[in-house]
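Trainee: Chains R and P are the protein sequences, given in the same order. Under the working numbering, think of the first position of the first sequence as 1, with each following residue one higher. Under the working numbering, think of the first position of the second sequence as 1, with each following residue one higher.
To be clear, the hints were calculated from the coordinates, so they are not data collected in a lab. Errors might be hidden in some of the hints.
Partner residues aside, some chain R positions facing chain P, computed with beta carbon under 7 Å [to be verified]:
#: 1; residue: Ala16
#: 2; residue: Tyr17
#: 3; residue: Gly45
#: 4; residue: Asp81
#: 5; residue: Val84
#: 6; residue: Ala102
#: 7; residue: Gly104
#: 8; residue: Ser105
#: 9; residue: Gly122
#: 10; residue: Leu123
A virtual CB, placed ideally from N, CA and C, is assigned to each residue, including glycine.
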Amino acid sequence: MAPIAVGDVIPDGTLAYFDTEDQLQSVSIHSLIAGKKAVLFAVPGAFTPTCSLKHVPGFVEKSPELKSKGVQEVICISVNDPFVMKAWAKTFPENEHVKFLADGSGVYTKALGLELDLSEKGLGIRSKRFALLVDDLKVTVANIEAGGEFTVSSAEDILKAL
Amino acid sequence: MTAATATTAAFAAVRLIGSSPLKLKPPSTLLSFRGNLGSSLPMRISSIRRARFSTIPKISATISVGDKLPDATLSYFDASDDLQTVKISEITANKKTILVAVPGAFTPTCSQKHLPGFVEKAADLKAKGIDTIACISVNDAFVMKAWKEDLKIGDEVLLLSDGNGHFTKAIGCELDLSDKPVGLGVRSRRYAMLVEDGVVKILNLEEGGAFNVSSAEDLLNAI
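Just chain R, same shape as in the assembly (with noise of 0.2 Å):
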């Protein structure tokens, strides 16, 4: 698949997630951020360092002004199952607007063309670091890392293209 790009529609796909009640749940990106501005943001791996301590840390800190400036949504995805992502999500108490969604067998990262092969490394097929802004399904900013580095897909480069 080609790699996603400012102007496509976003491809819809079935993430998963624990609820506040432990139960499993999935849900379909486009009924999740249609009509609606959103920020789906990437990282290649739950629990490793750069998106444990300043990636996800940076959306979770700027969500709420990511909010005052119209975003409904802020959603974080990683190619691992759903156990592991609640568990990582957990390790961030102070978050309240960012949503943890597993895409746990890569497909939905694969239907966004921005996959990221680090099976040398033990880790499989990953995502690339990425940060999109949506509007109505509407890829409006396309921040996509080559691989994990972390130079153009943060929470403020977000910012300052709303």
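Position chain P against the provided structure of chain R, taking the given hints into account.
Mentor: Chain P only, in chain R's frame:
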């Protein structure tokens, strides 16, 4: 649908193919052909099976008692947070080793019953001559480290990542949960085995992720 229901459905499927491991011998005609190319060519049963029996549904040659474990590289983060690799041969050669496998870090049965059981019984197992206890999962080393910390495990049990699932596949213990909405991909069946100098002496292998025969107590009783 809960994760338990999702995995139960997959277990039923695994039961069909996992129950009778088939060990195929290479046909003698192929043997003589390869003989011309030199005896140093390794005979890989799996590749011959693919070539000659492509219409037969794939059956994994599951490990059994008496087999020598294939070698593979697993990974983990050490006490200084450096990524290390270790080979199966290193942790099993000239030792009595217990290998425990779980379908997934942070999943309920694995976290609440299976692994804690081995942490609790580690001293008893070591008193019976066990040198090393290692828990293996098809999860990456970052996740294994976080899980180890979450369960407050120290030196009692090594948590090793079979990140690409190579070891799990090599011993025919895969659990394919790829088409389940829970998104677990290919994982390992639950098992507990006693390995002496690289040879499997006791193998308590579950159907999928069930938890009937693979506890620390089961193994303690069997040693």
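Trainee: Work down the list of hints and note, for each, if the structure agrees.
Mentor: Checked hints:
1. Given hint, Ala16 of chain R at the interface with chain P, holds; its Cβ is 5 Å from that chain's nearest Cβ, closer than 7 Å.
2. For the restraint placing Tyr17 of chain R at the interface with chain P, the shortest Cβ-Cβ distance is roughly 10 Å, beyond the 7 Å limit, so the hint is violated.
3. Contact between Gly45 of chain R and chain P, as hinted, is supported at the beta carbon level, the nearest pair being about 6 Å apart and thus within 7 Å.
4. Satisfaction of the interface hint for Asp81 of chain R is found here, the shortest Cβ-Cβ separation to chain P being roughly 5 Å, below the 7 Å cut-off.
5. Hint on Val84 of chain R holds. Least Cβ distance to chain P is approximately 5 Å, under the 7 Å limit.
6. Annotation: interface hint on Ala102 of chain R holds; nearest CB of chain P at approximately 6 Å, less than 7 Å.
7. With a least beta-carbon distance of about 2 Å to chain P, the hint placing Gly104 of chain R at the interface is held under the 7 Å criterion.
8. With its C-beta approaching chain P no nearer than about 5 Å, Ser105 of chain R sits inside the 7 Å limit, and its interface hint holds.
9. A hinted interface residue such as Gly122 of chain R counts as satisfied when its beta carbon comes closer than 7 Å to some beta carbon of chain P; here the least separation is about 3 Å, so the hint holds.
10. Given the 7 Å rule on beta carbons, the hint for Leu123 of chain R holds: about 5 Å separates it from the nearest Cβ of chain P.
In summary, the structure is inconsistent with hint 2 from the numbered list given earlier, while agreeing with all the others.
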